[in-house]
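Novice: Here is how the chains run, residue by residue.
There are 2 protein chains.
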Amino acid sequence: MPCQNFDYCFNNNSDELRGDSRKKIAIVGGGNWGSAIACVVGKTVKAQDDVFQPIVSMWCRDSRKFGDTTPSIAETINATHENPKYLPGRRIPSNVIATSSLLDACESAHILILVVPHQGIPQICSELRGNLRDDAHAVSLTKGISSTSENDVIRMQLISEDIEKALGVECSVLMGANLAGEVADGKFCEATIGCKSLENGEELKMLFNTPNFRIRVTTDYEAVELCGALKNIVACAAGFADGLGWAYNVKSAIIRLGLLETKKFVEHFYPSSHHTYFESCGVADLITTCYGGRNRKVAEAFIKSDKPLHIVEQELLKGQSAQGPPTAQDVFEMLEIHEITEKFPIFTSVHKIFTGEHGEQELYDSLRNHPEYD
Amino acid sequence: MPCQNFDYCFNNNSDELRGDSRKKIAIVGGGNWGSAIACVVGKTVKAQDDVFQPIVSMWCRDSRKFGDTTPSIAETINATHENPKYLPGRRIPSNVIATSSLLDACESAHILILVVPHQGIPQICSELRGNLRDDAHAVSLTKGISSTSENDVIRMQLISEDIEKALGVECSVLMGANLAGEVADGKFCEATIGCKSLENGEELKMLFNTPNFRIRVTTDYEAVELCGALKNIVACAAGFADGLGWAYNVKSAIIRLGLLETKKFVEHFYPSSHHTYFESCGVADLITTCYGGRNRKVAEAFIKSDKPLHIVEQELLKGQSAQGPPTAQDVFEMLEIHEITEKFPIFTSVHKIFTGEHGEQELYDSLRNHPEYD
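As you go down the protein sequences, you meet chains A and B in turn.
Just so you know, the first sequence maps onto residues 1 to 374 in full-length UniProt numbering.
Just so you know, the second sequence maps onto residues 1 to 374 in full-length UniProt numbering.
Treat the hints with caution; some may be incorrect.
No copy is singled out in the list; a pair is fine if it fits within one copy or between any two copies.
[Said to hold, decoys possible] The calculated lysine-lysine pairs, modelled on DSS-like cross-linking and capped at a C-alpha distance of 30 Å, are: (1) K187 with K352; (2) K24 with K196; (3) K205 with K263; (4) K318 with K304; (5) K343 with K205; (6) K318 with K165; (7) K304 with K187; (8) K24 with K85; (9) K46 with K23; (10) K187 with K264; (11) K343 with K187; (12) K297 with K187; (13) K187 with K307; (14) K205 with K43; (15) K23 with K65; (16) K24 with K304; (17) K352 with K46; (18) K343 with K263; (19) K307 with K65; (20) K43 with K318; (21) K24 with K263; (22) K304 with K85; (23) K85 with K205; (24) K264 with K318.
Source of the hints: derived by calculation from the structure; they are not laboratory data.
Note that the structure is predicted; figures quoted are calculated from it, not measured.
Build the full structure now, drawing on both the sequences and the hints.
Specialist: Following this line, the structure appears as structure tokens:
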């Protein structure tokens with residue numbers, strides 16, 4: 001029987017259509033930054049429940065050993081709405097439902113937020129491959145660089161490109177001056193989305209943007225992603241400077257010269273990039289990370305002690321990792337292959353301090369004799 | 001009788017010529033930064049005594065009241081080679097000879113280094129006018145903005161332009177990430193010279209450059225000078241943020257948005273400027289000043305107390321001045337005349353916090369609603 005009440009039918013039908021088209025969000029990663037971004041996204045989807053499904057799923061790795069009967073991180077988050085291991089004291093909204101099953105979290109998601117350490121990406125992609133919606137897209141918050149080999153020639157590759165190739169979905173990036181605890185607390189900050197298609201970029205802006213978490217979108221995704229990755233190397237240099245008792249002027253010079261090495265790196269590998277160093281992912285993220293980030297902290301402690309890096313990390317980060325040292329190694333290897341290490345003395349010296357080949361004097365000389373002064 | 005020994009005569013003659021052409025240096029200003037730059041220049045002229053005369057004269061204002069029989073600052077520096085009032089604990093080289101007479105210091109100088117607060121420039125220029133060598137040139141280390149009136153229209157003017165008009169000599173600028181104490185200690189840092197003629201710029205680079213004080217030269221002098229002036233306003237915003245207990249992400253956003261307001265200001269008033277924000281005078285000086293400078297310190301104390309600004313300055317700076325508040329006022333007046341205050345919410349809010357018209361909320365809103373997010 002046809003509906004007699006046109007308004008009711010129209011709205012009902014419209015609601016159904018709207019219900020079908022609402023996007024489901026999955027967060028892949030339950031660490032410090034993943035938990036902070038859950039605080040943001042849990043709220044934005046509820047405030048826009050005509051666009052997004054209000055339940056956000058969040059995959060957290062179950063790192064318990066066999067026989068361990070304590071609750072998993074996912075169980076703890078669902079019971080307490082807090083991640084006491086990686087983001088203690090901050091409330092994760094109750095519409096964020098955590099799970100230890102990667103497929104359960106992701107298979108019906110329209111948007112995947114990937115926020116795991118670089119090292120975890122290959123296994124996650126291999127588990128997800130072939131198990132996602134055809135119309136899904138992703139955004140990577142992961143920092144690092146990758147590489148690919150073609151006819152024995154090793155080429156730079158972005159982590160977002162790794163993800164796209166592995167999953168067959170478009171992958172944007174979100175980077176910015178975002179210390180996780182401050183973001184979770186709802187304090188004002190900014191971030192940059194680097195996207196391939198502006199359609200996905202604008203949808204991601206809707207998902208992340210709040211009055212206190214201000215998002216700008218650019219299609220210069222290579223520079224956005226590399227700024228996010230390379231700033232961790234510069235932050236290690238800043239941490240060394242702090243540990244060695246150097247001063248404000250030196251640290252500012254490190255940040256400036258580090259930004260210029262970042263720019264040169266992007267220009268070398270992605271000459272068509274139009275650069276966005278004045279965005280939050282550029283100069284702002286670099287400053288935050290060089291003053292308040294974990295890479296700075298680890299590097300400062302490393303250069304002041306005789307302990308190996310993994311011990312310093314264990315003591316300071318309680319299970320989280322610092323991406324600066326492995327990124328410095330990956331970048332150094334890429335610079336060596338392309339025979340351009342001498343153009344990047346800070347990146348090079350940071351790597352060599354971690355391997356023990358460089359000391360204080362070499363780092364100092366990498367500044368004083370920087371090619372920028374030629 | 002003609003000289004029988006050609007080599008001797010030639011060399012003797014050459015020596016004489018060289019002796020005549022050696023440049024005499026005068027430093028105008030005996031404050032914190034003037035004393036620190038005396039530490040640098042005192043050494044560089046000695047190391048290059050074929051180019052520069054080894055005696056540097058340094059004018060220090062005699063601020064004693066009538067009847068005060070304590071030694072003047074100039075007398076103290078000449079007796080102890082230290083400026084205990086403004087740069088205690090650092091040795092000023094003994095070839096720097098201080099004097100309370102401006103004319104004695106400057107009238108035979110080839111290069112004048114002007115390093116006094118903005119407020120002191122008019123009187124100094126009026127005393128020096130007509131009393132300098134015809135071939136002299138100057139370099140200003142003074143931070144601030146000026147204005148000029150033509151047919152009742154008020155126009156922006158640089159302080160270096162004020163100096164050029166008043167003295168009839170070319171005036172370059174030197175700006176950079178240079179906390180004075182660290183420069184005096186010989187710690188590594190960088191600076192930028194903005195010059196009109198590269199000939200004078202390169203001569204100034206010889207005068208200031210050392211293995212630890214690295215100078216780069218550009219002809220983009222408007223941007224260099226304005227970066228040096230406007231960073232003090234941004235540093236006040238950073239100080240307010242510190243005083244209000246805001247966090248790293250916010251402070252990085254302030255620095256980034258402040259840099260963008262600086263860029264916009266330069267583009268508005270000097271559209272032909274080719275911009276040098278990646279130089280030390282740009283991003284590096286901004287970071288140093290927002291973390292370690294006196295404007296940050298004064299602003300932090302001001303917003304945490306009920307005391308008027310001049311009391312806070314007296315308590316913290318011991319007779320030195322903070323250029324941020326007067327520069328914020330001068331800039332605000334210029335923005336009002338040109339009806340563009342709304343494009344510069346941070347500059348505007350900093351001024352209005354000092355006048356009591358704005359509080360914490362307005363500053364916060366100047367960030368969250370910044371036109372950069374439009």
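Novice: My question is about K307 and K65: at a cut-off of 30 Å on alpha-carbon distance, are they close within one copy, between copies, both, or neither?
Specialist: within (27 Å within a copy, 60 Å between copies)
Novice: Tell me, please, which holds for K24 and K304 at an alpha-carbon limit of 30 Å: within, between, both or neither?
Specialist: neither (47 Å within a copy, 46 Å between copies)
Novice: What label fits K352 with K46 when the C-alpha limit is 30 Å: within, between, both, or neither?
Specialist: Classified as neither; 48 Å inside a copy, 37 Å across copies.
Novice: Which holds for K343 with K187 at a C-alpha limit of 30 Å: within a copy, between copies, both or neither?
Specialist: Answer is between; shortest inter-copy Cα gap is 24 Å, intra-copy 38 Å.
Novice: First find the shortest C-alpha distance between K187 and K264 inside one copy, then the shortest across copies, and answer within, between, both or neither for a cut-off of 30 Å.
Specialist: between (33 Å within a copy, 27 Å between copies)
Novice: When no copy is named, should K187 and K307 be tagged within, between, both, or neither for a Cα gap of at most 30 Å?
Specialist: Between copies, since 28 Å is at most 30 Å while 35 Å is not.
Novice: Up to 30 Å between alpha-carbons, please classify K318 paired with K165: within, between, both or neither.
Specialist: neither (33 Å within a copy, 63 Å between copies)
Novice: Give the relationship of K304 and K187 under a CA distance limit of 30 Å: within one copy only, between copies only, both, or neither.
Specialist: between (32 Å within a copy, 20 Å between copies)
Novice: Using 30 Å as the alpha carbon limit, work out where K43 and K318 are close: within a copy, between copies, both or neither.
Specialist: within (28 Å within a copy, 49 Å between copies)
Novice: When no copy is named, should K205 and K263 be tagged within, between, both, or neither for a Cα gap of at most 30 Å?
Specialist: both (25 Å within a copy, 26 Å between copies)
Novice: At most 30 Å between C-alpha atoms: does K24 with K85 qualify within a copy, between copies, both, or neither?
Specialist: Classified as within; 27 Å inside a copy, 65 Å across copies.
Novice: With 30 Å as the alpha-carbon cut-off, assign the pair K318 and K304 to within, between, both or neither.
Specialist: Only inside one copy: K318 and K304 sit 19 Å apart there, 35 Å across copies, limit 30 Å.
Violated hints for the displayed structure, listed by number in ascending order: 6, 15, 16, 17, 21, 24.
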